[in-house]
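In our numbering, the protein residues as written are 565 to 677.
You may find that some hints are simply not true.
Said to hold, decoys possible - Cβ-Cβ distance ranges computed for the label pairs, FRET-style:
id: 1; residue 1: ASP633; residue 2: MET584; range: 48 to 54 angstroms
id: 2; residue 1: GLN586; residue 2: PRO626; range: 32 to 38 angstroms
id: 3; residue 1: MET584; residue 2: LEU619; range: 25 to 31 angstroms
Worth flagging that the hints you see were computed from the coordinates, not collected in a lab. A virtual CB, placed ideally from N, CA and C, is assigned to each residue, including glycine.
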Amino acid sequence: MIPGGGQPNMQQLLQQAQKMQQDLASAQEELARTEVEGQAGGGLVKATVNGSGELRGLVIDPKAVDPEDTETLADLVVAAVQAANENAQALQQQKLGPLAQGLGGGGIPGLPF
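The whole structure should be built from the sequences, with the hints applied where relevant.
Now the structure itself:
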């Protein structure tokens, strides 16, 4: 509702929507360029993902490699990737959360908030 009962200025609403769309696209591009890390086993396994959650790198300390126990190494890799993705989700919330609230706070399809 517009105070005073007037009609909303459609041109102004359209400009605001376009700006929000541009801001969202810019934030998504920034997320795709930003890398975050997660680790497991006290740093024996480190995973790097971009802000969108795409796995970009994996570093395994040779001390984590035991040919007789590949299950532990696999668990460490999974844990490191999960930690990195949690960090990426926190970054998404930080960068995109205010934009989602500006769009009505109902969330954006495909985003975790």
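Against the structure, the hints come out as follows:
1. ASP633 x MET584: 48 to 54 angstroms: For MET584 against ASP633, whose Cβ atoms are near 51 angstroms apart, the range 48 to 54 angstroms holds.
2. GLN586 x PRO626: 32 to 38 angstroms: 47 angstroms, violated
3. MET584 x LEU619: 25 to 31 angstroms: Since MET584 and LEU619 have Cβ atoms about 30 angstroms apart, the given range 25 to 31 angstroms holds.
Against the hints set out earlier in the document, a violation occurs for number 2 only.
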